[in-house]
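As numbered in my numbering, residues 257 to 441 make up the sequence shown, in order.
These aren't lab readings, by the way, just hints derived from the structure by calculation.
Being a predicted model, the structure only gives us computed values, none of them experimental.
You may find that some hints are simply not true.
Said to hold, decoys possible - Straight line, CA to CA, 27 angstroms or less: simulated DSS-like cross-link-like pairs of lysine-lysine:
1. Lys303 <-> Lys441
2. Lys303 <-> Lys434
3. Lys262 <-> Lys441
4. Lys293 <-> Lys434
5. Lys434 <-> Lys262
6. Lys262 <-> Lys293
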Amino acid sequence: MSRTVKLDRRTAAVLLVDVQERLAPAMPAETLARVVKYATALVEGAKVLGVPVLATEQYPRGLGATVPELARLLPSPALAKVHFSCGADPAFAAALEATGRRQVVITGMETHVCVFQTARDLVAMGYEVHVCADAVSSRTEEHRRVGLELCREAGAIVTTAETALFDLLHQAGTPEFKQVSALVK
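Build out the structure end to end from the sequences listed, making use of the hints.
Given below as structure tokens:
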């Protein structure tokens, strides 16, 4: 897919990467709160806009399930994986392919491991990837920053949740606009 930078609700999907019960507490509290806030906005906004949502869990036996405040919002259960990259996981790759979407908006953790490797591999697979800088985290800010730099170097577009949602929305003055704008306030 050619890189357009413009998100389109007809071709986009949202991906929640590994925001899990035993991994989340390792994140700085303020960072975790921000990620949950913007991941919630992305998942809820996707529902309003008719954009499919996929979620993954890295080795759930060890890291637990998706945090409850996000799990309850998901339209289907998260896919368990052991690969750091979602793109390297055959079940995830098949689920993403089944959506027919070629743009992927990413939120989750950790930025320098699973988010980066997923972004890199999805770009290599021909997807246009948008990583929401305010909706990803790592245990340290340096790891998050380097992870975002690596995502950009791999060909992903680094954006924010609000930017992605309003790009998907395209215009104000609609019932969808009111619903989506309320999510990012």
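Here is how each hint holds up against the structure:
Between Lys303 and Lys441 the alpha-carbon distance is near 17 angstroms, which keeps this suggested pair within the 27 angstroms criterion. At most 27 angstroms may separate the alpha-carbon atoms for a hinted pair to count; Lys303 and Lys434 meet this at roughly 14 angstroms. The hinted pair formed by Lys262 and Lys441 meets the criterion: a straight-line CA distance of about 23 angstroms does not exceed 27 angstroms. A distance of roughly 18 angstroms separates the Cα atoms of Lys293 and Lys434; the hinted pair therefore holds under the 27 angstroms criterion.
Between Lys434 and Lys262 the alpha-carbon distance is near 21 angstroms, which keeps this suggested pair within the 27 angstroms criterion. For the given pair, Lys262 sits about 23 angstroms from Lys293 by alpha-carbon distance, which is consistent with the 27 angstroms threshold.
Of the numbered hints stated above, none is contradicted by the structure.
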